[in-house]
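> Each chain, written out:
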Amino acid sequence: MFRSFLSWRYLLHRRTNLIGIVGVMLGVGALILILSIMTGFLEQTRASVRGTLADFFIRPAPLMEGGDPSVPYEPDRVLEIVRKVPGVRAATPQYSWYGMLAPGGPDTANATEIITRPMDSQQNAIELVGIDVESEFATTGFDDALTQAAMRGTHVADPKDPFARPRGYRPDGLEHPRIVLGDALYGRLRVHRGDELTFLTVVFDPESKTLVGSNKTFIVAGSFRTKDNDVDARRAYVERHVLADFLRTDARYSDVLVMLDDFERDGVRVREELKQKLVAEKLLDGQPAEIISWEEMRSVLLGAIRNERVLMAIMLSLILVVACFSIFAILSMMVTEKRRDIGVLTALGATPRGVMQLFLMIAFWDALVGAVIGAILGTWLAIEIDPFEKWLSKTFHVQIFDRSIYYFDEIPSVVEPLWVAVIVLGAFACALSFAAIPAWRAARMDPLEALRYE
Amino acid sequence: MNSHSASQGELPSVLTARNVKKSFHVAEREIEVLHGVDFTLHPGEILALTGPSGAGKSTLLHILGLLDRPTTGSVSLDERNAWELPNEERARLRNRKIGFVFQFYHLISELTALENVLLPAMVGEATGEYRKNRSRHESAARGMLTNFGLAERLTHRPAQLSGGERQRVALARALLYDPPIVIADEPTGNLDRATGERVLELLFREQAERKFSLLFVTHDERLAVRCQRQMVMVDGLVHSNAAV
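Residue numbers (the working numbering), protein chains in the order written: chain A, 1 to 454; chain B, 1001 to 1244.
A few of these clues could be false.
[To be verified] For lysine to aspartate or glutamate, the following EDC-like pairs were computed, each having C-alpha atoms within a straight-line distance of at most 20 Å: (1) K1021(B) to D1068(B); (2) K1021(B) to E449(A); (3) K1211(B) to D1192(B); (4) K1021(B) to D446(A); (5) K160(A) to E239(A); (6) K84(A) to D144(A).
[Said to hold, decoys possible] Partner residues aside, some chain B positions facing chain A, computed with beta carbon under 7 Å: (7) H1062; (8) D1068; (9) R1094; (10) E1110; (11) M1122; (12) T1127; (13) L1154; (14) E1197.
Hints were generated in silico from the structure; no laboratory data involved. Beta carbons: idealized from backbone N, C-alpha and C, even for Gly.
Same shape as in the complex, but just chain B:
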């Protein structure tokens, strides 16, 4: 197994990273967390990114999610190097092309479940545009929440929802714009086993229906083996990268 190359050149990709390095300055010392990672995510693929704590998974995830700039290397989405784009365009890519599901759900506590799901549209569209599309977005959000078993919870705030319900709302939020990529950072890490299983079932079901590329970061070996490919990171390098 090639520890650096994750390229499968003959297949198209939706997200590519080349020779990504990331360093942090800690007390006047430079610590390199990623030592040159290559990464490719293919359309409709389910990829598990695993590895021990401190291996650089989250750092890579944030770089791939266009939330953090690599020290060197490139991240391409839609054949464009995202970090060469202006701030606004990169934000738009995050908004339209990537859906995030976090371990701790990260819902906005002041908004209802429905409003939380609508948030990507509110962020991505100007007031006039949003008003024009509002009924369409609302109907999509309602449909998804109903589909996820939350029809009775539309107007509830996060504090009134259970962990599983919150994660389902977060999943609906990630899927509002039907993005080609969904990045899930330990999506079941904060849930009990049964609840986590139900959320995963939902995620896999939606992936099968919508055919988005799904990138998991997980410690859960049982989840990893359910993915099509598993990428193991150790000490800031891709240790193994193979189909499951």
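Excised from the complex, chain A in its bound form:
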């Protein structure tokens, strides 16, 4: 009985114990807050990059280097097989090609400036993606991207038919196919709906068997906006058959995008089934790179955030270690100071084990009070981080979170109860481990010396 009662009294009557409590509180609170924000970033980033990606990308054999040339160049057979696999919600073919875009028409000065502008030199290369509108809408989030609030672009005239002729566009002679630009790309090129754009690239000429420069003019139909800045700055969509006709390659597609009903649940199984069936039909060689998931596609970005989260957790754990070290220091002092009490308690019937538990209990209270307050504060701050950051920014006139940098307008935060429990338990384990040394010393202390003298 005396262990919990007396340890609590010692805790309350010695103000320096507050250092340990505050330390544990800060450590636990900071860890919960930062891990929640980093998890929020990860979740938001996953959602953002996933919004423009399907669950799986299939790159069939003929399109891979050394692939089987007997495999059909049209995606129909692949699509037919893929769509029959249970768990697959939709699939669509895409054709990706890289090149440069320049405003066409009479404004060649503007085009030259944009293409040769040093500051944009790394952004001039864009990915032109050929899509089949109907299946694309069913598979990816492209239809959503067409209706997102535009920052620098202009919506297409009809989101259900994005490649329709823009309102007010009157073809002057040959009617050019339409192109839909990413929001940032639209702004950078300083174009408007109905303007002409020229796509410049290099294609393989089957007649001369050499690479030749080629270009095609498109009409700007509007813009789309995803939550992925990189996509918005570097991607443009056209109809797949238009791109395939222009490129004059054998293959009429580069990828088949597959969306599942539930990726988390069925991902592993569907991937294996797709692989087996497509390999059996000789549409795939069975190489791992032929079917990749959206997570693998963005593994560098997601992996970087995961790494940052682990690093932050390790760094902030140091606060806990310092707090526990202060508990160790305070308890060490206390053991020396309470030597007489240890003697009295021994005389009154306490065992060395009881004395050790008494000092361990002080660390236990330190950890309990600190961890509980820290967990409550950390969780509350994690939930209210966005208004709190706005209040801080307003009060101190400093921009803490620059929303223009990220895909999201609010600081994301996801409180994981399991993490909170692990952090709280970690704080206990840390505090008790550090307290074990002075507690063990107290248990081994000879109480007689203290009893003899005042």
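Assemble chain B onto chain A, guided by the hints.
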């Protein structure tokens, strides 16, 4: 007078020590402080252990109080050799059978007078057991403190009490479990004469009422002569042992 034998075989004993020797290692030298002491404390007896400083009184007291292990020899309490018992059982004997009163009171400064008196029960009982017995212990502690003139001081901390009051609290603490043995180490050594006298009166009064065996360690000849028996130690040996 037999300088070694303190045995009075025909009478029962509550605490017995046989051929107790105690050595300490100081700078690689072994110094023997007790050279083979025999000791017996009879039920209800008041015994004064006296002698000059360095005679080994405190060492013997700690060995008899089961706080220090003798180098050789035995200490028996309730017919059991206490130093052959496991730690927990020896601690329980200290808790239930022996009450300590120290020269410097040794109260816990963070606890009130009442809580200090309750401390043996808190140490000796598990949480559930203590909660069950709490009202009984509290009523005993309150009764004793009131009886000792400290009714108004129950919630005061040691720092708020005078020396005499602290020693009275310490006495109440020693008596909470109504132990058969009370060991008092210079209980008035830190008090002025009048206050010390009042504390002694209280101690003798309680002894007369509760009939516990009382072992004093004292330098005070006037106190020693008030005891039933006086045991004088010189140089780690019992020099004389006789009824007063």
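> Hint by hint, which ones does the structure fall short of?
3, 6, 13 and 14
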